[in-house]
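Taken in sequence, the protein lines are chains P, V and G.
All the letters of the first sequence, read from the start, carry residue numbers 518 to 751 under my numbering.
All the letters of the second sequence, read from the start, carry residue numbers -3 to 288 under my numbering.
All the letters of the third sequence, read from the start, carry residue numbers 11 to 358 under my numbering.
Don't read these hints as lab results, they were simulated from the structure.
Idealized CB from N, CA, C, for every residue including glycine.
There could be a bad hint or two in this list.
Chain V stretches covered by chain G per the calculated footprint, using a threshold of three residues with CB under 8 Å from any CB of chain G [unchecked claim]: (1) 71 to 82; (2) 86 to 99; (3) 185 to 192; (4) 196 to 208.
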Amino acid sequence: MARLEIEKLTTDYGPVRAVDGVTLAVNEGSITTVLGANGAGKTSLLRTISGLERASDGRVRLDGEDILGVPVEDIVRRGLAHVPEGRGVIAELSTEENLRLGGLWRGAEAATLGEIYELFPPLRERRGQLAASLSGGERQMLSIGRALMARPRVLLLDEPSLGLAPLVSAQIMQLISKLAAERELAVLLVEQNARSALSIAHRGVVLNLGRVVADDAAQTLSADEGLRKAYLGF
Amino acid sequence: MTRFIDLTLNGISTGAVYAVVALALVLTWRATRIVNFAQGGMLMITTFIASSVIGTSGSYWLGFAVALVCGLVLGAVVERALMRRVESGPPLNAVIVALGLLILLQALAGMIWGNTPRSFPPAFSIRGYDVGGTHVLFAPNDTFTVLVVIGVAAGLAALFRGTTIGLKMRAAAFQPEVARMLGVRVGRMFTLGWALAALVGSLAGLLVAPAVFVGPNQFDPILIFGFTAAVLGGLDSPVGAVVGGVALGLVLSYVSGYEGASLVTLAALVILIAVLMIRPGGLFSSTQERRV
Amino acid sequence: MNTVLARIQGSHNTLARSLGLVVFAGAVLFIASEALGAYNELQLANGAYYFAVLAGLTVLTGLSGQISLGHGALMAVGAYTVALLIGNEHWPLVPALLAAVALTTLVGIAVGAAATRLRGPYLAGATLAFAIGLPALADKYTGTFGGENGLVVNPPTPPSWLGANFPLERWEAWIAGLGALVVLFVMNNLVRSGVGRSFRAVRDDEIAASLCGLRVGRVQTLAFVLSAACAGLGGGLLTVVLQLASPGAFQLELSLSLLTAIVLGGLGSLLGAVWGAAVLVLLPSWTNDIAHSFSLSTGVSANMPLAIYGLVLITAMLVWPSGIQGGVRAVVSRVGKRRGPRAKGAAP
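Extracted from the complex, chain P is given alone in its bound form (with noise of 0.2 Å):
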């Protein structure tokens, strides 16, 4: 039994279907990451499984779990982090009061600030600065420390290289890869630089128009060619 597993998942915005159903399954320790263009559904997906868009049909399970249907803060609770598109960052607040925020239901057993801090020294030195002023690779390591205070067992990431300089943006995707194994995450990773991501992933995803195109091991997805140029983009 995969740690996340998908069945049939299907999202509509009034006559628009967003995500059609869609299957698909993370196991712990493994990054997936969902692949296609602009409007493919890759946010829609990710938005349905935590709980913040209705879905029309399907199953969604966590540990064997059902949870379509939970209320977002409920979902969040049994172990899924959800960083959102765009960071999620709460600019009016500060770095650590941020990173505070995210183990806050996890009590006792949350992770401490010291150890995001260790994952993250740039945010060490900005601990006490509001959030606005943080720069974008900064901001994401916010986001992800923010999302690993409540030691989550699932992580879904929504692009996260989005606006960050390639230089920065690989050194984020490496991190996803290292922490993924060291903590035994589920990893669910959405992204529109399709070569980063298949670099650390271990399967691929490909959505067009909300359904599934092709799913298979990373390292078979990029070297079909002909789907990478007809999807993928390289």
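Chain P is fixed; fit chains V and G onto it per the hints.
Same frame as chain P, but now just chains V and G:
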């Protein structure tokens, strides 16, 4: 000179009441991004309840306590039953619902307690202090008022900056969706914000009732000046609410004392416009960066 | 039908359609005024001057996105101007009304320019202060403004060619109705023109709009000025209809009622302004009637109308967040859907 001192002290004590109302408005704004135009009606109801309790039991402090508890409950109920539905829509809808609630509460109060204003006992003596032989127009009750304001402001500041629940409330107010994704029960935070705001509001009602008397429409000017004070200080700033309230109270006191009461509202207008032209977000606003 | 309408573009066609709309509305008003009795004609007149204000206000708030709690005070400017000019200086009706509009427009320029720097509740706060501060002038200068009692104006006399027994109320309804039609014509054109689009553009995204070359401050001030002109006309017509301009009519309640009316009617929609005007005129008398039909103690019955009013406001907003016009649109579109095929629309 004594006139000036008297006007100053009077300004401080009236300003303190505006500050408390402003604090209540700042609370609901910070918690749910709604300006609670019904605040005046809610504090009027709790003061009426206090008046009835004091009347039947003879104990001021029992009435005081009951009013505060009713404030908590009323705030929670209003948020959960009414405001919850309009929190996520266009802001004007919340304004209309609040106005409708204000009208309804005033009408209900008239039905239950009648429209004739009734007197209300002060917490402490209203006989001014004698300072070095001169009689000043500042009484123990005014000292109580000022202390309450300071206490409330300090308490709120401590709550928001220093406690976990304050952090959750701030997160829920700034970015409700992100807060939910972090496990914060945003709905409960909104309800808590309104409950606290109504508690603060009922304090204001109890403090000012001896002066304005208790009746369905007696608290309207307080609400208006409280709102002006909140806007003056910046709706996001509790400190601003206190400074705004006291400043407004002082200026209005001087205008009323030296120029006459008819110019008071005009003076409030001029101050407000002047401040907002320089700082469009109120005195204590920080320039928010725009999310592109 | 849709393709025909879709092909009609261009400003002269907007003018033609506005004219047609005005003629239609005028015909309806005329027939109504002939058919109704004196009391209802007075209500029609009231509704007409309310519509004049509300049309401007709904454009200001709905299309331009600016909240004003001060339009009651702007009405007061128009009302007192007409009262002074007709009452003291014996000006004829139309020049007095034009002067009222002009003066209120000037005030609108000042207020509007100040308003462009303010947002949301801060704008509400500033206009609130304006609403309570300005009428205080009437208290301060009681000589000119007649203090609490206000200024009385002689009723407008119907011209002799209408007949000696032409009812005053109907004449007032016609005057107010004509004013409302003028407002309808001007605002309808405006809403569908480039100006209306610039209002919406600035409302939706100021930075994007300024990047497209729109002067944000000027556009916002223009919206304010237009709504002030409408309020001035409405206030002037109020004085003509009621023959009185007094401070009691222009308290904060008026500004709040205007705001309530446009939200209830449907923001940004001229038809919504019609609904809003109807609510302002009819709801108070309905609530009074309902209250009186129950024989209750005076304390309860005196407050009943207000209680019902408050309940109506709350429930209307909870049930119809887009106002009456939004509710109407929802019903109409549902009826339309049952006839045509379900469209696969673009992403929301």
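Consistency of the hints with the structure:
With 3 residues having a beta carbon nearer than 8 Å to a beta carbon of chain G, the stretch 71 to 82 of chain V meets the requirement of three or more and the stated coverage holds. For the stretch 86 to 99 of chain V, the stated coverage by chain G holds: 12 residues have a C-beta nearer than 8 Å to a C-beta of that chain, and at least 3 were required. Against chain G, the stretch 185 to 192 of chain V contributes 0 residues with a C-beta closer than 8 Å to a partner C-beta. That does not satisfy the three-residue criterion, and the hint is violated. For the stretch 196 to 208 of chain V, the stated coverage by chain G is violated: 0 residues have a C-beta nearer than 8 Å to a C-beta of that chain, whereas at least 3 were required.
Checked against the numbered hints listed earlier, the structure breaks hints 3 and 4; every other hint is satisfied.
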